[in-house]
Each structure stands twice: as C-alpha cells, then as structure tokens.
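Undergrad: With chain A fixed as given, assemble chain B onto it according to the hints.
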Amino acid sequence: GDSVTQKQGQVTLSEDDFLFINCTYSTTTYPTLLWYVQYPGQGPQLLLKVTTANNKGISRGFEATYDKGTTSFHLQKASVQESDSAVYFCALVDRPGNYKYVFGAGTRLKVIA
Amino acid sequence: GGIITQTPKFLIGQEGQKLTLKCQQNFNHDTMYWYRQDSGKGLRLIYYSITENDLQKGDLSEGYDASREKKSSFSLTVTSAQKNEMAVFLCASSIGAETLYFGSGTRLTVL
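As they're listed, the protein sequences go chains A and B.
Counting along the first sequence from 1, when you hit position 14 you're at 14 in our numbering, and nothing is skipped either side.
Counting along the second sequence from 1, when you hit position 68 you're at 68 in our numbering, and nothing is skipped either side.
Hints may contain errors.
What the hints assert, rightly or not - Derived, one-sided and incomplete: chain B residues facing chain A with beta-carbon distance under 10 Å:
(1) L19
(2) G40
(3) I50
(4) A97
Hints in this document: simulated from the structure, not taken from any laboratory.
Just so we're clear, the structure is a prediction, and the values are computed from it rather than from any experiment.
Here a beta-carbon is modelled for each residue, glycine too, at the ideal position from N, C-alpha and C.
Bound conformation, chain A alone:
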C-alpha cells in the first residue's frame, strides 16, 4: 500500500538556520502531496499542497518540491524563527476524491532563540 516516510523524528535548529525536513513516499499513482503543521496544543493545519499540475508549493516562507524521480517532497525554509517550532507532517492522497490521507510519522522542529 501507499506509504510516507519521515526519518527525522526531531530537528533542533537555531534562529535564522536553514531548515530541511526529509519526506519520501511510495505509491503506484501520481499523488497529491501535502505538508501539515501542528503547533503545540493545536490540531494540524495545512501548510502547503502540491499536485502533479504544479511541482512546487510555497507558503509562509516554506517551500516543497514534488520530485517524481526520487519520490521525495522535502520541506525547506531559508531562515527559521522560534515561532516555527512545531511538528511537521508529510502526507499524500493517491488520487483526487480519495478520502484516505496517508500521513508520515511527523518531524518535531525545535528552534532555539
């Protein structure tokens, strides 16, 4: 079945550092790929979404590129702030209209001021 892998359980950075969170996926289709962010005490919220029609998603300074060749969807940000501390989930939906999202295990980002 479909799967999403986030190998980094936790990432600790200082403010203004570059952020890179690894995400790879496995599916037989060309899925929609998403990043959700969960701030402390809140539910996850959509950060960005990319379909096969548009290879890159950009939101709030974060960007992720859909790479079909390496089946990756890494999340990047040039300069993190303490307010970016949260858990980041990569997810996929294998086809339009499918209600079953597949989520990765999540990467906890801690940014030290």
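TA: Here is chain B on its own, set in the frame of chain A:
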C-alpha cells in the same frame, strides 16, 4: 471561517471502560473524520463519514464505533479502553475530499 470543537479535551478512563468522544463543526462541511495520533506514528484514520448518515471504516477501526448524529457532529466510542490506547484523538472535517480542518484533539489516558 469555522471551528471544530472537540469534547472533552482530556479524558481519563479505566481499562475496559466504554468511552465517548464528541466533535462539532460549524464549517458546514459534508465530510468528517476521526484520526488517532500516537507519538512517532503520525495520524491514522479510524472512521470517516462522507455525508450525514454515512459511515466508513478507516485502517484502525477495530475497537471503535462511530456515529454521525447530524451534519455538524461526529462521535467516536472506544468500546473497551485498553492501556495501550493512550493517545490523542483528532477530529477533522472537509468539503468532499479536499483540505482537512482539524480540531485540537482529545487526549485519552487509560488507568
């Protein structure tokens, strides 16, 4: 905008107890979901309901029941609480299969 309200925020139960979690949304979304969040395991789908009066099992439905009482509300019942079920349960809603909007969760602890 809208909001998803989950009650209670914290739920403490005894092993073997039947426990019910509630969710209300005022987005007027057709579809609602229950996910379970365990540390290091991401979010796993328990049940979802595409429209009022519909109920679909997710990958983790064993040990749970769900009920879509009306368009705005979706309940989840843990039929017999087990110690290894300490987790956060997240309710979500969406228009069709589009963007999920999540509540802030119910944290379950089983003694």
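Undergrad: Does each hint fit the structure? Answer for all of them.
TA: Here's how the hints hold up against the structure:
1. L19: violated, 20 Å
2. G40: holds, 6 Å
3. I50: Status holds, d = 7 Å.
4. A97: holds, 5 Å
Consistency note: the structure conflicts with earlier hint 1 alone.
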